[in-house]
Amino acid sequence: MLGESSTDLDSFYRILAKWNDLKVSIWDVAIDLLSSWVFVILLFFLVLFFGEPSIKVDKIGSPDGVHCGHLLLSFLFLR
3 MLGESSTDLD
13 SFYRILAKWN
23 DLKVSIWDVA
33 IDLLSSWVFV
43 ILLFFLVLFF
53 GEPSIKVDKI
63 GSPDGVHCGH
73 LLLSFLFLR
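With positions in the sequence shown counted from 1, the corresponding number in my numbering is that position plus 2.
Quick caveat, the hints were computed from the structure, so don't treat them as lab data.
Be careful, since some hints might not be right.
As the list claims (entries may be wrong) - Label-pair distances were calculated between CB atoms; the ranges are:
hint : residue 1 : residue 2 : range
1    : 28        : 50        : 26 to 36 Å
2    : 10        : 32        : 28 to 38 Å
3    : 50        : 16        : 45 to 55 Å
4    : 17        : 37        : 29 to 39 Å
This one's a predicted model, so the numbers in the text were calculated from it and none came from an experiment.
We put the CB at the ideal spot given by N, CA and C, even for glycine.
Model the full structure from these sequences, guided by the hints.
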């Protein structure tokens, strides 16, 4: 009886350890995705506000001196 309960306890601890590993790996993936999205958004706003003025773009008909970020926004939202 004692050996049987310890086997059940061992299997319970094994299941608990696997569950904890799964939770940790899910959090790792979530943090990686969040950090990559934060990087993409940061890069987007850096280009938007500090981008070099572009040369005249005939497709959109925008005047000279339009920032690259504004062109990127217009390509994204006008499609």
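Hints versus structure:
no. : hint                  : result
1   : 28 <-> 50: 26 to 36 Å : holds (33 Å)
2   : 10 <-> 32: 28 to 38 Å : holds (33 Å)
3   : 50 <-> 16: 45 to 55 Å : holds (51 Å)
4   : 17 <-> 37: 29 to 39 Å : holds (31 Å)
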